Amino acid sequence: MIPVSYFFGLSLILFTLGIIAFFVKRDLITMFMAVEVMLNAANLAFISLAKATNSLTGQVIVFFVITVAAAEAAIGLAIILLVFRQKKTIKTEEFRLMKG
Amino acid sequence: MTESFWLIPFIPGASAFVLAVFGRWLPKKWVSIQACLSVFASFVISVVALFDLLKLNYESLPLVKTLFTWIVSGSFSANLSLQLDPLSSIMALVVTGVGFLIHVYSVGYMGHDKGYTRYFAYLNLFTFAMLILVMASNIVLMFVGWEGVGLCSYLLIGFWFEKHSAASAGKKAFIVNRIGDAAFILGVFFLIVHVGSGEFRAINEAVHSGHIGAGLVTLIAILLFIGATGKSAQIPLYVWLPDAMEGPTPVSALIHAATMVTAGVYMVSRMNVLYTLSGEAAQIVAVVGALTAIYAATMALTQNDIKRVLAYSTISQIGYMFIGCGVGAYAAGMFHLYTHAFFKSLLFLAAGSVMHALSGELDMRKMGGLRKHLPLTYPTFLVGAIAIAGVPFLSGFFSKDAILTQAFARGQYFVWVLGIMGAVLTAFYMFRLIFLTFHGEERIEPEAKKHLHESPRVMTVPLVILAFFSVVAGYIGLPVVFGEKANLFNRFLEPVIKPGHEAHLNIGTEWTLIFISVAVALCGIYIAYVFYLKSPLLPHNLVRRFPGAYKLLYHKYYIDEVYNAAFVNPMVKGSEAVYTHFDLKVIDGTINGTAEATGLAGRVLSLFQSGLVKDYALALLLGVVIFLGYLLF
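From first to last, the protein sequence lines are chains A and B. Each residue of the first sequence is one higher than the one before, starting from 7 at the first, in the numbering used here. Each residue of the second sequence is one higher than the one before, starting from 58 at the first, in the numbering used here.
This is chain B alone, in the form it adopts within the complex (with noise of 0.2 Å):
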């Protein structure tokens, strides 16, 4: 069965096809049932292919298969190739079994919309390339995923494209992507000139012998870097990630949370040789991370549309995982991915429920009191809150806990700090949406009230599911208190993530920071209860006293203001100018005089051509006349 595995990502690649070209042929419970089929038969091969690997030793890892010779120059070579090791194993078990809830919810949410084929079609070759963004055994065919799920996430972004908002939010995504993959590619070239191949163990071998100086690891490192902060919506390539909550909201789930987004920390976590080799680049990571952390945060704080709330603590959780990568503790941060993958994905799809039973209401002001209305989409709503503020027991709480106290342990307290901060504003800001949405008095408008419904089963169904895992999902992690050997996942990525100098602290500064992290999220929480239940008057008194910094936080920071004046406005300025005064004057110019030219000779010619055959015999006699004068005289 371990053989099999490189069919992972073909599955739903091949029913991407298939629904891509015949779709609209077939009958709409056909599309259901092969998407969300070929994304659940990935994961079973993936739940099998993880106890396969489980059983081997860690010298046979990891395995790679060789489907066949893709690009060949010169000495270089590139093959279509993909690999099974724990991290990738791990990440295609989230992308096919998120992946495949996701599918399933979207049977119900999209189940009214007129794109409904090709909806399913985008979704399943977005599965196809993370896959193959995760599978990868060289870093040439990862940056074909890497690509891929940036297509299909401006594809689906923009999938109700009528819209204006919606298409340019997809344009948008799509150029501040560029902007990362364009450094990330330079990264790349980088590794091929100087390793002379992209396989990702001819680099790990080539950067631990020492043939790549340490000055040419941190380049290549932070190139790569700027391409993960692009697709992973860190500073300073953030911006787009609020905007492309524009897509249905199954697609924020799957893409914009709990996997694209990620793919820059697994991208940190596989190439963790070169992290950990150059420190300066893997302080940036941490530090960047950490600054997102708290900075996304902060703009959670005020937005009142439920998904833009979601969106900036993406940001800001993805934040975190980058300070466990950038701190050396590659495995926490890839705990952070995996728990976060689950009660994010929940609170999507939760959130998308609420929109569901409001006819798509979006802004929270007009929300309040569903909880009586939603009995089932409120408590799985609130266990994702829980779980990504941090309160004990839960998978959200294990892996923050997991990152934190690692970033402690290794003398970033600055970083540890601003992360701190970051959990507190997290609790906050999550119970805020809790109160405003299902608390308090009902202020939900009386058209919407009409139509106000429990989702159907198969949307509920997911939400239950997800939320079973956002509870359980952190046991096979926990601290170093319950024992050496408690951290399972630690363990299992050990063959990718070489565990090197593990920070230890002693049990008892261990409790000290659980306890300041469990606190920091009850703290949070608590200041939500006091400004959105108990006295909902002193957010607004709060705004009175400091206008400015409500207005700074509401406009997020107007970085996309300061952003279209500096790069975007400059560029489209310069290409109006390029347009009305070269392409309209120059090169339309030249086309039009030629045209022109070409219609006047025509016209001044066509008056020898009279149409009466003896002007034209005349003209013959003419010039025979002429060329017998020249010949005898």
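One chain only, chain A, in its complex shape (with noise of 0.2 Å):
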């Protein structure tokens, strides 16, 4: 049996990942796959939990949050191949039109 913890551990490692890919990366692309490990780190905590404590709860949730994860992936997506048409690029510094 593999104690609670060791999962926690590698939810937090997956989630730091997340952040840091977030701030690094410039491309849209990369960032939205950031953005996925994050929610998957979140996920990988909720289910560990659920087992730890036989509850049904943490794995409902999961449910959710893989299907709200789909639906933006699929918007997301969407909205990054019509920004790429419209500038012919996906770097974020190069959209600054919210300057004030």
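It should be emphasised that the hints constitute simulated quantities derived from the structure, not laboratory data. Just so we're clear, the structure is a prediction, and the values are computed from it rather than from any experiment. Just so you know, even glycine gets a beta-carbon here, dropped at the ideal spot from N, CA and C. One or more hints might be untrue.
Claimed, not checked - Going by beta-carbon spacing under 8 Å, a handful of chain B positions derived as facing chain A:
#1 Q666
#2 S667
#3 L669
#4 V670
#5 K671
#6 A674
#7 L678
#8 G680
Got two chains here, separate frames each, mind docking them using the hints?
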């Protein structure tokens, strides 16, 4: 039996990697993947806690997160595609339309 | 037919509405026909109503037609209701009859004006408001008409508003009238509070039965009379009327001579119970009337503008009407109102015809010798002048004589003397006008002379009709020397104006008074003849002998200057001070300050808005870290 703290440790590492990737990378697709990593890190934490406490709640939440992530992926990729068509680039520093 | 008398005001009203809303799509011919016919229809109904009225017995008067309840507030209610009695019937006849002729005349006079439709919309609206004023059965509705005619007067004086003088004359008329109206509405409030109703019948009963104290009656009567001095151009609020001549001439004839300015006389006659009961108020009316009559007449002596002479003459003649009302001879005042409407509108329209012939020239020094060029205008003008001067057998003679005789009979000798002096001046300035305009050598500008022509038929026919009435209108109010029952006019008005204690003079005195007024009229005409035809140098010598007096009269006693210095300029200066010190600094400062503070805050905050997704994500992350840190530690 692997202790829960190991799963939590892995989850934390994944989440931190996600954050770092999000800030370090410049193109939208990689940043998008970083967000997915963070979501799955959270999923791992939920599912391990659900297994340890023998409750279904954590598993249910994981299903919700997977659904939302799927929807987000679809819409996010569509947006990125459109942005690329308009600007011929997906580098974030090229987009400063909201500068005050 | 009597039942439908309520239609009298509403036909011109409906026509005004149609012209105002749909006028721009209507052809010019249609506009002329509709405007004139609507007033003519009212005139026909008024005539029929008059004959019905003559058949009815006094007890059933007045006929009241309530259209609907207009204001209800607690125990007070005011109806939109019209009444028909001898007084309102006479006024309706004058307004629609003279009004119709002036509408017809306007078709010719205003023919080339680009505001033709607008003009007739205003004119019809005026007729509507004036008829509401004279036919209202309560004082609240009467006030609506009272204000309505004031509005139309403003609109029509400023009709050529692109001319600065016309726009400011309209403004002056409106503001001066407001001062009088403020007093008038106070009087109305007092009446409503103490009578509990605005209906004239209720007011009459309440005053008769003594429910209202004598002091209060005097107060109300004086307040209402102040309103009348504004509307009817009496001292001290007459200053707007001479300036009102900036409007088109038919407007001067209809509004500023025949109808609207006599509204004050009508109002005093309508409220005669108040003035009969309050000797003080009546005395004030009589003295103000007499002073105005002679004061305005002196100002008319030196004016060179043909319309201004007539304007001062109007002020003076309305003064006579108020003498009549003030001495208690309301019927005589109303009689003068009725005859004056004919000859004064005739004079104005004829003056308009002269202007038309001379391409808009107003200065009498640039006229002269027009007699042969204007074969129809000259005799009609002459008839009007003879009528107003008080030469026997024309209408003005009978009505002015009735007023002066009554003033004398009731012991108002001071008023009578002023009236007689005013009569000399009236005859003088009217014939000065005639001689300067139509006789003597021609002093016409060569440019104007090229276009010199008699006016078209549509303008001269109304002149002839009005001239006819200026001659014959007086015969329904013959003086007592022709028999006790000779004055049909007074007998017709008896249901409204109780004869009261008739002041009787013996026949000898009556004849003497008549001879005096004939003598003064002829005397005035003769002086004018000597001055302006026989020895034209005489006026110049007089001016050189008395330069001070001439200048005083020529500048109209400097009253405009005094009013400007005393009331207008302090007001303008005060407004300017408030504008620069309060409006510009405090109000504008507050608003601009708020805007600037908001803008500054925005500019500072926008520094944080880089537009880079990562900055926002970093802020989010920092937020989460701080929040979690707060929660955990």
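Now for the hints, and whether the structure bears them out:
Below 8 Å, beta-carbon pairs count as interface contacts, and B/Q666 has one with chain A at about 3 Å; its hint therefore holds. Because the beta carbon of B/S667 sits about 6 Å from the nearest beta carbon in chain A, less than 8 Å, this interface hint is met. Against a cut-off of 8 Å between C-beta atoms, the interface hint on B/L669 holds, since the closest Cβ of chain A lies about 6 Å away. Interface hint status for B/V670: upheld, as the beta-carbon distance to the closest one in chain A is roughly 5 Å, under 8 Å.
With 8 Å as the threshold, the beta carbon of B/K671 comes within range of chain A, its nearest partner Cβ sitting at about 6 Å, so the hint holds. Contact between B/A674 and chain A, as hinted, is supported at the beta carbon level, the nearest pair being about 6 Å apart and thus within 8 Å. Hint on B/L678 holds. Least Cβ distance to chain A is approximately 7 Å, under the 8 Å limit. Evaluation of the B/G680 hint against chain A yields a violated restraint, the C-beta minimum of about 14 Å exceeding 8 Å.
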